[in-house]
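Asks: Please construct the entire structure, taking both the sequences and the accompanying hints into account.
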Amino acid sequence: MQLKHVLTICPYCGCGCGIYLEVLDGEIIRTIPSKTSPVNQGRLCIKGWSAHEFVVSPKRLKRPYLRKQEKLHEASWDEVLDFTASRLREIREKHGPDSIAFLASAKCTNEENYLLQKLARAAIGTNNIDHCARL
Amino acid sequence: MKETIIEKVKDLFEDSRIEAFLGLKEENGQIGPYLFTDPKDLEGFSLGDKEWPGDKRYPLSKILIALAQKYPENRFGILVRGCDERALNELFKWNQLNEEHVVMVGFPCPQELAEACECPKPYPESLVVGEKVKGIKSKKVEVILNMGMEGRLKYWTERFSRCIKCYGCRNVCPVCFCNECELANDDLIPSGEIPPENPIFHLVRAAHMAGRCIDCGLCEEACPVGIPLRTLYKKVADIVDSEFGYRPGYQKDQKSPFNILGERPED
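Top line first, the protein sequences correspond to chains S and F. Numbers 1 to 135, taken from my numbering, label the letters of the first sequence in order. Numbers 136 to 402, taken from my numbering, label the letters of the second sequence in order.
Among these hints, one or two may not hold up.
Derived DSS-like pairs (lysine-lysine); straight-line CA-CA distance at most 25 Å [unchecked claim]:
hint: 1; chain 1: F; residue 1: 205; chain 2: S; residue 2: 4
hint: 2; chain 1: S; residue 1: 47; chain 2: F; residue 2: 300
hint: 3; chain 1: F; residue 1: 185; chain 2: S; residue 2: 4
hint: 4; chain 1: F; residue 1: 300; chain 2: S; residue 2: 107
Since the hints were derived computationally from the structure, they do not count as laboratory data.
Replies: So this is what it looks like as structure tokens:
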């Protein structure tokens with residue numbers, strides 16, 4: 001029997017609400033807002049309250065896939081990265097850098113988002129970078 | 136007070152009366168729920184007081200339901216204030232928890248908290264430490280009643296219109312245990328609309344609190360937009376009391392009027 005309340009930060013928007021993930025024998029079963037967090041003081045929005053749900057969602061992608069003829073096929077990281085890089089290069093050469101846009105995520109770390117904008121601006125050459133939290 | 140409770144919990148472990156104790160723990164300045172399975176872990180044990188008394192309460196009885204469902208044979212100790220005990224009494228009656236497998240370790244709230252909560256019974260029967268504190272009669276319900284019909288309608292319509300439908304009031308509620316929640320029924324409360332239909336959403340919840348709400352106030356503390364839910368449910372409790380002579384959670388042996396099927400109808 002192991003019940004843990006793991007203190008963490010809500011993975012959705014940039015507010016950074018403090019939450020406890022209730023983990024019963026390794027399975028996340030509930031999100032509880034932290035009352036000690038100065039950000040949310042025991043309160044959450046509906047996304048925060050369900051922050052644990054996507055972890056166990058059957059729709060979640062856990063490995064790389066390539067879409068071929070409308071269907072997702074499992075593929076290796078090398079394969080998907082090579083494909084993505086070559087297609088991005090092709091599109092940029094044919095239509096120019098501003099034909100490409102990047103969508104970052106509040107679910108990622110600051111560092112990951114920094115790297116994505118770096119890729120957009122320095123490697124591709126576009127300022128078309130936005131994020132999912134622009135609601 | 137805390138030390139006495141810790142000693143009591145240690146005794147329960149030593150006498151093998153419990154296999155685990157559900158309480159609160161302070162770690163790195165943060166107070167949260169904690170399941171103690173070893174008396175050695177009791178360092179950092181917390182009563183949920185940080186800035187002021189009882190400001191870090193959590194729905195421990197609700198957490199216990201999930202635990203007891205998976206481990207129905209185990210016996211659990213649980214830290215209780217007056218409100219937690221009332222919640223557990225109600226959960227026993229509704230067969231959500233087995234009373235024989237739950238050992239309550241109770242402590243009273245200080246007068247200051249009792250007054251802030253307007254709590255009629257700020258102590259549990261299962262006191263292991265401290266004195267019974269004087270109950271407080273609510274004044275908030277009366278203030279709203281004195282606004283008159285029009286004033287009340289305006290007051291509640293404005294408060295309900297702030298709702299962002301986070302479901303926090305339901306999620307944190309120790310006596311919300313239905314498998315299917317009417318508030319999540321897409322035909323009654325369409326998803327994707329904020330605020331939810333005013334006043335249906337909040338009146339549906341208020342009606343469902345009849346005979347259930349044990350007046351702990353966790354809903355109001357969880358509400359991000361400051362809807363005075365506790366006052367609303369206090370009024371619901373008053374109505375149930377005057378109609379059925381029943382206050383949820385207070386009398387352990389009194390059956391809930393919402394839990395009685397009644398006489399078998401004649402054929």
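Asks: Next, verify each hint and record whether it holds.
Replies: Hints versus structure:
no. : hint          : in the structure
1   : 205/F x 4/S   : 14 Å, holds
2   : 47/S x 300/F  : 10 Å, holds
3   : 185/F x 4/S   : 21 Å, holds
4   : 300/F x 107/S : 22 Å, holds
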